[in-house]
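A.B. asks: All chains should be modelled from the sequences, with the hints used to inform the complete structure.
There are 2 protein chains.
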Amino acid sequence: MSPSGEVWGVGVGPGDPELMTVKACRILEAADIVAYPAPFEGDSLARGIAAHHIPPGAEELPIRISMDPRRYPQTDVYDRAYREIAMHVGQGHKVVVLCEGDPFFYGSFMYLFERLSESCPVEMVPGVSSLTACAAELAFPLAARDDVLSVIPATLPEEVIADRLGGCDVAAIIKVGRHLAKVRRALEQAGLSQHAHYAERVTMAGQRTKPLTSLPDETVPYFSMILVHRRGRAAS
Amino acid sequence: MSPSGEVWGVGVGPGDPELMTVKACRILEAADIVAYPAPFEGDSLARGIAAHHIPPGAEELPIRISMDPRRYPQTDVYDRAYREIAMHVGQGHKVVVLCEGDPFFYGSFMYLFERLSESCPVEMVPGVSSLTACAAELAFPLAARDDVLSVIPATLPEEVIADRLGGCDVAAIIKVGRHLAKVRRALEQAGLSQHAHYAERVTMAGQRTKPLTSLPDETVPYFSMILVHRRGRAAS
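Going down the list, the sequences are from chains R and G. Quick note on my numbering: the first sequence kicks off at 1 and runs consecutively. Quick note on my numbering: the second sequence kicks off at 1 and runs consecutively.
I should point out that these hints are in silico values taken from the structure, not numbers from a laboratory. Incorrect hints may appear among the rest.
[As the list claims (entries may be wrong)] Partner residues are not named here, just some residues of chain R that face chain G (Cβ under 10 Å, in silico):
#1 Gly-9
#2 Glu-18
#3 Leu-19
#4 Thr-21
#5 Cys-25
#6 Pro-103
#7 Phe-104
#8 Ser-117
#9 Phe-140
#10 Ala-143
#11 Ala-144
#12 Asp-146
#13 Asp-163
#14 Gly-167
#15 Cys-168
As the structure is a prediction and not an experimental result, all values here were calculated from the model. Beta carbons: idealized from backbone N, C-alpha and C, even for Gly.
C.D. replies: And the structure:
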């Protein structure tokens with residue numbers, strides 16, 4: 001137990017436990033309470049990545065998010081998790097919240113952060129994001145020199161995706177999931193289909209990478225990404 | 001010495017040695033040859049970050065980049081470094097090239113990668129980028145849900161910066177350096193000045209962060225960044 005309580009948002013990287021930072025390991029190993037996002041039933045990805053560094057005596061606090069927000073509103077989930085974490089901090093505990101990838105890069109941590117940061121200091125440990133991990137696994141240099149790089153969620157409407165593709169040199173289209181057909185059409189509109197590379201579950205068991213043109217039409221996992229460069233590749 | 005030679009591009013993170021990944025440390029500790037970018041005179045930032053993990057017997061190969069490309073063309077520098085690294089790989093050595101931040105995120109490594117990847121396999125270790133490190137140090141949640149995030153080099157013309165700012169929800173303007181006045185004007189044009197946050201040398205000695213409105217007009221370091229969100233902050 002620390003003399004005064006504290007909260008840490010700790011990025012655990014894209015999946016390979018070795019892509020945790022030295023700092024993430026150290027902070028986690030000194031935790032009193034370890035919180036992490038988890039599905040309503042089943043295992044937490046973030047916990048799985050960091051499992052080896054969770055101290056044996058730590059209390060675990062899964063933050064279970066339902067895929068059916070009508071039945072279980074997410075604001076209620078984060079409000080409840082916030083209250084529980086704040087209580088532990090008030091008791092002088094060190095609380096570590098594990099975050100897949102980086103805590104502030106499209107992560108659910110920011111909903112907790114908003115609530116927590118009003119009542120107590122929150123320390124952050126940045127992590128390797130899925131963006132740079134995908135680039136590494138695809139051997140795809142992302143951006144150089146004057147390149148504008150845009151990260152575009154596949155959840156946006158087709159026209160918006162196509163428009164945003166037109167305003168950058170290199171794009172990462174994230175959260176492809178069930179939006180693959182729409183993303184293909186947007187890339188076609190932008191004249192970029194031939195240059196697009198697809199990756200899913202990077203650095204994890206079941207990783208798959210291929211040129212988008214050779215990917216069958218199917219629903220792909222939520223943890224998937226398409227990288228595309230206007231010139232084919234970032235060039236010297 | 002490895003039975004067959006290999007090359008690794010290893011991201012060492014934004015500056016704090018503890019933000020190296022466990023994998024980066026392990027790969028570096030088994031290197032025969034350690035290469036890294038360095039100024040023409042003086043110390044290499046990447047080497048400084050990773051120094052503690054360079055094995056005592058390793059041969060070091062600084063890749064010295066002049067700030068005056070007329071006198072010392074950079075293509076010559078990378079051609080020469082490529083030939084030297086390829087020679088070591090041919091002799092069965094394990095060569096690790098250290099890269100500040102992430103190797104494929106606006107790093108100079110990609111010029112070596114282009115040359116090397118044609119003649120030998122190059123293994124990559126992604127790193128924590130300055131983007132997520134800045135967000136952590138500024139306590140600035142970058143992007144959530146449908147947010148489009150753009151990374152915009154400050155070296156671009158003012159009108160291009162303003163235009164690209166108009167096409168995203170959150171922007172990271174990188175390499176601010178001597179372009180601060182121009183970037184301010186572009187942010188003003190885009191109506192975003194009030195929301196902008198400035199950071200330099202994040203996670204290193206001499207780190208400085210402040211709202212852009214309270215930063216004096218001056219030349220700032222090359223390793224500096226401005227983060228700005230259309231809504232002020234990524235919100236739930």
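A.B. asks: Taking the hints in turn, state whether each one holds.
C.D. replies: Now the hints, each set against the structure:
1. Gly-9: OK, holds: R:Gly-9 within 10 Å of chain G, min 8 Å.
2. Glu-18: At about 4 Å, which falls below the 10 Å cut-off, the nearest Cβ of chain G leaves the hint on R:Glu-18 intact, so it holds.
3. Leu-19: holds (5 Å)
4. Thr-21: holds (5 Å)
5. Cys-25: Where the cut-off is 10 Å and the nearest Cβ of chain G is about 7 Å from R:Cys-25, the hint holds.
6. Pro-103: Holds. Min distance 7 Å.
7. Phe-104: The hint holds - R:Phe-104 has a Cβ within 10 Å of chain G, the shortest such distance being about 4 Å.
8. Ser-117: holds (7 Å)
9. Phe-140: Where the cut-off is 10 Å and the nearest Cβ of chain G is about 7 Å from R:Phe-140, the hint holds.
10. Ala-143: With Cβ-Cβ at 5 Å, under 10 Å, it holds.
11. Ala-144: holds (6 Å)
12. Asp-146: Status holds, d = 5 Å.
13. Asp-163: Hint holds; R:Asp-163 Cβ to chain G Cβ min 7 Å, cut 10 Å.
14. Gly-167: holds (4 Å)
15. Cys-168: holds (6 Å)
Consistency with the previously given hints is maintained throughout, with no hint failing.
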